[in-house]
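Heads up: the protein sequence lines correspond to chains P and X, in order. Numbering-wise, full-length UniProt numbering puts 33 at position 33 of the first sequence, and it's gapless, one number per residue. Numbering-wise, full-length UniProt numbering puts 176 at position 176 of the second sequence, and it's gapless, one number per residue.
Quick caveat, the hints were computed from the structure, so don't treat them as lab data. We put the beta carbon where it would ideally sit given N, CA and C, even for glycine. Hints may contain errors.
Claimed, not checked - The following residues of chain P were derived to be distant from chain X, with all beta-carbon distances above 12 angstroms:
1. Ile-71
2. Lys-105
3. Arg-184
4. Glu-199
5. Thr-219
What the hints assert, rightly or not - Some chain X residues close to chain P (C-beta under 8 angstroms, calculated; not the full set):
6. Pro-297
7. Asn-299
8. Lys-324
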Amino acid sequence: MSDQGDDLILSELNDAELVEQMMDDLYDGLKDEIEEAVGILLERGWVPYDILTKSLVLGMQIVGDDFRDGILFVPEVLRAAQAMKGGMAILKPLLVETGAPKMGKMVIGTVKGDIHDIGKNLVAMMMEGAGFEIIDLGINNPAEDYINTAINEGCDIIGMSALLTTTMPYMKVVIDQLKEMGKRDDYIVLVGGAPLNEEFGTAIGADAYCDDAAIAVETAKSFMLRKHNQA
Amino acid sequence: MTDALTRLLNERDWLLTDGATGTALFNMGLQSGDAPELWNVDKPENIVKLYEGAVNAGSDIFLTNSFGGNASRLKLHDSQSRVHELNKAAAEIGRNVADKAGRTVVVAGSVGPTGDIMEPTGTLTFSDAVEMFHEQAEGLKAGGADVLWIETISAPEEYRAAAEGARLAGMPWAGTMSFDTAGRTMMGVTSSELANLVEKIENPPVAYGANCGVGSSDLLRTVLGFSAQATGRPIIAKGNAGIPKYHEGHIHYDGTPELMADYACLARDAGAQIIGGCCGTTPEHLRAMREALETRPKNARPTLEAIVEKLGGFSSPSDGTDDKGPKRDRSSRRRR
Numbered sequence: 001m002s003d004q005g006d007d008l009i010l011s012e013l014n015d016a017e018l019v020e021q022m023m024d025d026l027y028d029g030l031k032d033e034i035e036e037a038v039g040i041l042l043e044r045g046w047v048p049y050d051i052l053t054k055s056l057v058l059g060m061q062i063v064g065d066d067f068r069d070g071i072l073f074v075p076e077v078l079r080a081a082q083a084m085k086g087g088m089a090i091l092k093p094l095l096v097e098t099g100a101p102k103m104g105k106m107v108i109g110t111v112k113g114d115i116h117d118i119g120k121n122l123v124a125m126m127m128e129g130a131g132f133e134i135i136d137l138g139i140n141n142p143a144e145d146y147i148n149t150a151i152n153e154g155c156d157i158i159g160m161s162a163l164l165t166t167t168m169p170y171m172k173v174v175i176d177q178l179k180e181m182g183k184r185d186d187y188i189v190l191v192g193g194a195p196l197n198e199e200f201g202t203a204i205g206a207d208a209y210c211d212d213a214a215i216a217v218e219t220a221k222s223f224m225l226r227k228h229n230q231a
Numbered sequence: 001m002t003d004a005l006t007r008l009l010n011e012r013d014w015l016l017t018d019g020a021t022g023t024a025l026f027n028m029g030l031q032s033g034d035a036p037e038l039w040n041v042d043k044p045e046n047i048v049k050l051y052e053g054a055v056n057a058g059s060d061i062f063l064t065n066s067f068g069g070n071a072s073r074l075k076l077h078d079s080q081s082r083v084h085e086l087n088k089a090a091a092e093i094g095r096n097v098a099d100k101a102g103r104t105v106v107v108a109g110s111v112g113p114t115g116d117i118m119e120p121t122g123t124l125t126f127s128d129a130v131e132m133f134h135e136q137a138e139g140l141k142a143g144g145a146d147v148l149w150i151e152t153i154s155a156p157e158e159y160r161a162a163a164e165g166a167r168l169a170g171m172p173w174a175g176t177m178s179f180d181t182a183g184r185t186m187m188g189v190t191s192s193e194l195a196n197l198v199e200k201i202e203n204p205p206v207a208y209g210a211n212c213g214v215g216s217s218d219l220l221r222t223v224l225g226f227s228a229q230a231t232g233r234p235i236i237a238k239g240n241a242g243i244p245k246y247h248e249g250h251i252h253y254d255g256t257p258e259l260m261a262d263y264a265c266l267a268r269d270a271g272a273q274i275i276g277g278c279c280g281t282t283p284e285h286l287r288a289m290r291e292a293l294e295t296r297p298k299n300a301r302p303t304l305e306a307i308v309e310k311l312g313g314f315s316s317p318s319d320g321t322d323d324k325g326p327k328r329d330r331s332s333r334r335r336r
């Protein structure tokens, strides 16, 4: 980071420049700068939903694309996500107040026996950024936890993550239990994790396998759209 | 006295290590989500079978059933207080199998990642990580492991912490990372970076290399990246038998024994001295690999094109070592 960085005064930038700078700062994982910029845009009368979608989400999309393309790796993405989280913490209560559009509700977690939650956290963050309400169950979840939360909280989507080949088959346990309860068709089931692939997702009866967080958001959006169209 | 692994490395041009642990245990009825390490005590007969599978197929080295045997991972199964017990049992069973083999077989105490992200990106401190690795190392040592085998690591800090755990236990070690993200580890480490990192560690490993990751092609590209650094340290190639497919309730890897035999010889040509499989590699694969290594001549270092031709394409165009990887043009004001 150059020393000149300190000379940049965010409040002196016009809206377009500021948004561009925010995307850049998000890319560099600069949490304080993101929080400051969100505050400035709010002062300038921006609607919280616009700040979210026109700066933070767009910025995270660039981060997501570069992660997919092998330009950024997990440490950079996590720092960007932490910066995003800083901005989200300011916007979240305001989004509720201002009745920002809701995309849907998702319960997410890593499956039983799996503690690797990096990918799951990224998906949760990106989904939240895209306007989904997220209930994050954290790590090591038995089938009941996914299913009971989905039922009790009225979720649209169940998202499962696994990093290990020893834990990925557990996703089928959850799906099978949903089937036994006659509730499989009530939910969109999305799965993800390093050792998985599309074929695996299909074989266990998930609605889709999502290769990365950005794809998870796109997939969730398109399934929600279909769901609305059916209703 | 030098350790058994170093002795074998001095005597032989190549060593065959083992295949998959998870895949084998699932076939014996391990339920998804359960901790394989509990079987070291609850079903030791299955662990004997697992180890014998590798030894009978001709492995010179096999890894103990202790991959997830650190406090952080065992906590999921409420067994964090059993780290020493479960690791000692894993190594003890291994010691017995190895000593009955009638030849030198190295018992390598498997040490997997903690699953936590280390500071500053994550929350796990270096000293806490060292403590966890040290605790596991002592258990494996008590059970009679010859060396520690640190594997599937993605972060340089965690690799160093595991090395420190080995040092505290006074154990020789080998250490591999998993290069599964565009040819790098998910934390962004390239093959050449690992080769150089290894030389900076106070107690460097007996051997270093790559395990798991994507397919066998990617793994060999990584091995070429290691050997290009020419540090002289023995290199480990432990790749998956193809790609996981789900079939009738089981994970099945699509790599055939013939493919793994080709992979084994190419790995040797690429500069690996310790060659084995990872997920999906069964004793049948190992037998084919051993036979190929014994009967086929060593060839010149393969080109990337030759690897693609024999084993299939790479998961990404670049692995970050050739400076040809994708880049983003930045015009940040902060960086001007």
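Quick rundown of the hints versus the structure:
1. Ile-71: Nearest chain X Cβ is 5 angstroms from P/Ile-71, so the label is violated.
2. Lys-105: 25 angstroms, holds
3. Arg-184: For P/Arg-184, whose nearest Cβ neighbour in chain X is about 17 angstroms away, the distance exceeds 12 angstroms, so it holds.
4. Glu-199: 6 angstroms, violated
5. Thr-219: 19 angstroms, holds
6. Pro-297: 34 angstroms, violated
7. Asn-299: 30 angstroms, violated
8. Lys-324: 11 angstroms, violated
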